[in-house]
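Peer 1: Each chain, written out:
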Amino acid sequence: MGMTGKLALGGLLASVAAASLPGCQEEPNYGYVHIKSEIKLANNDVYSLNGSVIDGMKGSNELVLKHKAGSGKLVLHRRGRTWTLCAFSIQKNRIVTATLRPVNGTIKCVVQG
Amino acid sequence: MLRRSGSLVSVALFSAALVLIQFPAQTAAQEVDIKTAPSAPPLANPGDDFVKQYSALKKQLEALGGKIKKSAGEIENLTSPDAARKQINTLQGLIANTLGLVTNNGDVAKLGKRVIDYARSKQKQFESDTKFSPEERAFLQKEWKRVGAQTEAAISELSRARGKLTEMLKTVQARGDFMKELQALKNANKMLEVVKTLAAELRTASAALQNFSRTAKPPKAGM
Chain Z
1 MGMTGKLALG GLLASVAAAS LPGCQEEPNY GYVHIKSEIK LANNDVYSLN
51 GSVIDGMKGS NELVLKHKAG SGKLVLHRRG RTWTLCAFSI QKNRIVTATL
101 RPVNGTIKCV VQG
Chain W
114 MLRRSGSLVS VALFSAALVL IQFPAQTAAQ EVDIKTAPSA PPLANPGDDF
164 VKQYSALKKQ LEALGGKIKK SAGEIENLTS PDAARKQINT LQGLIANTLG
214 LVTNNGDVAK LGKRVIDYAR SKQKQFESDT KFSPEERAFL QKEWKRVGAQ
264 TEAAISELSR ARGKLTEMLK TVQARGDFMK ELQALKNANK MLEVVKTLAA
314 ELRTASAALQ NFSRTAKPPK AGM
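Protein sequences, first through last, are from chains Z and W. Under our numbering, read the first sequence as residues 1 to 113, first letter to last. Under our numbering, read the second sequence as residues 114 to 336, first letter to last.
These are calculated hints, taken from the structure and not from any lab test. From the three backbone atoms N, C-alpha and C, an ideal C-beta is built for every residue, glycine too. It is possible that part of the hints are untrue.
[Unchecked claim] Cut-off 27 Å, straight-line C-alpha distance, at most; resulting in silico cross-link-like pairs (BS3-like, lysine-lysine):
1. W/Lys283 / Z/Lys73
2. W/Lys255 / W/Lys226
3. Z/Lys58 / W/Lys182
4. W/Lys330 / Z/Lys92
5. W/Lys226 / W/Lys199
6. W/Lys223 / Z/Lys36
7. Z/Lys66 / W/Lys255
8. W/Lys255 / W/Lys172
9. W/Lys172 / W/Lys330
10. Z/Lys66 / W/Lys226
11. W/Lys255 / Z/Lys92
12. W/Lys255 / W/Lys182
13. Z/Lys68 / W/Lys255
14. Z/Lys66 / Z/Lys92
15. Z/Lys40 / W/Lys293
[To be verified] Here are the computed distance ranges between Cβ atoms for each label pair:
16. Z/Lys108 / W/Ala321: 28 to 36 Å
17. Z/Lys108 / W/Glu240: 41 to 49 Å
18. W/Glu249 / Z/Lys92: 31 to 39 Å
19. W/Ala321 / Z/Asp55: 23 to 31 Å
20. W/Glu240 / Z/Asn104: 44 to 52 Å
21. W/Ala157 / Z/Asn61: 49 to 57 Å
22. W/Arg259 / Z/Ala69: 24 to 32 Å
23. Z/Val53 / W/Leu298: 41 to 49 Å
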């Protein structure tokens, strides 16, 4: 094995070892999603963020959720159908606001962040 | 025909007698089962965990509120735009981490909701209870109502802190973004002006946050 090969193998082993040590795992980055809704939800209506059901939207018209940094997709589930309301980027230590408003019989999602 | 129906009647009467003989025995066996069966495990009361977590959160918020205030004060005295930008990033991380403690999908908020649901279920349980006297039932219902109301008040304080931190994070984020734009324009004076305004805004907000730790009360122990 040449010098370059040895270095590559060494680097690979070091990264595997670092990843397998509990204390050396990199903390995931988190951002925040502020959802404000002016929409009156029907009994079985549910919102989800990246597939996870959002609890408490019926009792409150705004929520702040902690979420792993990456992309976010806000979806409404109504009568067995799903509507993607908006998609946005969730960045480390930043907050993105998604405001839901009724506009001409449809739901408009305005994103600011 | 008559003889046949007579025998049918006697068979029926015999079977009925057997059922009558067996029925008390079954009841007795069931009673024994009920008496000897271990009682169903009670639902875990999440109240104690909530009090512990809420008290710990109050301390954390107080400490972080102080750090935010200090960091905001330091920004004000900075004269280099680059140092100010770095400090704003640190401050943004600090506020974001603090907000992470009070989000709607955070542990304390979720636990609080469980306590409220639990207190409601206990109140309902004693509405239909026949084991206790009316006075005892009324006392238990009153106590669970108190626990529910105190938890709701604590959650409401948490929601105010969340609102304040959300506002703070949005402010710092927007000021930081504005500073980036100014940096592109190489307008150092304007950058320092933005920093000073931000410091004043944050001082007020962090004072409100520290006030939370003074006023927020978890439900009284002994629930």
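Peer 1: A separate judgement is required for each hint: does it hold in the structure or not?
Peer 2: Structure-based check of all given hints:
| no. | hint | result |
| --- | --- | --- |
| 1 | W/Lys283 / Z/Lys73 | 21 Å, holds |
| 2 | W/Lys255 / W/Lys226 | 19 Å, holds |
| 3 | Z/Lys58 / W/Lys182 | 35 Å, violated |
| 4 | W/Lys330 / Z/Lys92 | 31 Å, violated |
| 5 | W/Lys226 / W/Lys199 | 38 Å, violated |
| 6 | W/Lys223 / Z/Lys36 | 19 Å, holds |
| 7 | Z/Lys66 / W/Lys255 | 36 Å, violated |
| 8 | W/Lys255 / W/Lys172 | 30 Å, violated |
| 9 | W/Lys172 / W/Lys330 | 12 Å, holds |
| 10 | Z/Lys66 / W/Lys226 | 17 Å, holds |
| 11 | W/Lys255 / Z/Lys92 | 45 Å, violated |
| 12 | W/Lys255 / W/Lys182 | 42 Å, violated |
| 13 | Z/Lys68 / W/Lys255 | 42 Å, violated |
| 14 | Z/Lys66 / Z/Lys92 | 10 Å, holds |
| 15 | Z/Lys40 / W/Lys293 | 39 Å, violated |
| 16 | Z/Lys108 / W/Ala321: 28 to 36 Å | 32 Å, holds |
| 17 | Z/Lys108 / W/Glu240: 41 to 49 Å | 44 Å, holds |
| 18 | W/Glu249 / Z/Lys92: 31 to 39 Å | 54 Å, violated |
| 19 | W/Ala321 / Z/Asp55: 23 to 31 Å | 27 Å, holds |
| 20 | W/Glu240 / Z/Asn104: 44 to 52 Å | 47 Å, holds |
| 21 | W/Ala157 / Z/Asn61: 49 to 57 Å | 31 Å, violated |
| 22 | W/Arg259 / Z/Ala69: 24 to 32 Å | 42 Å, violated |
| 23 | Z/Val53 / W/Leu298: 41 to 49 Å | 45 Å, holds |
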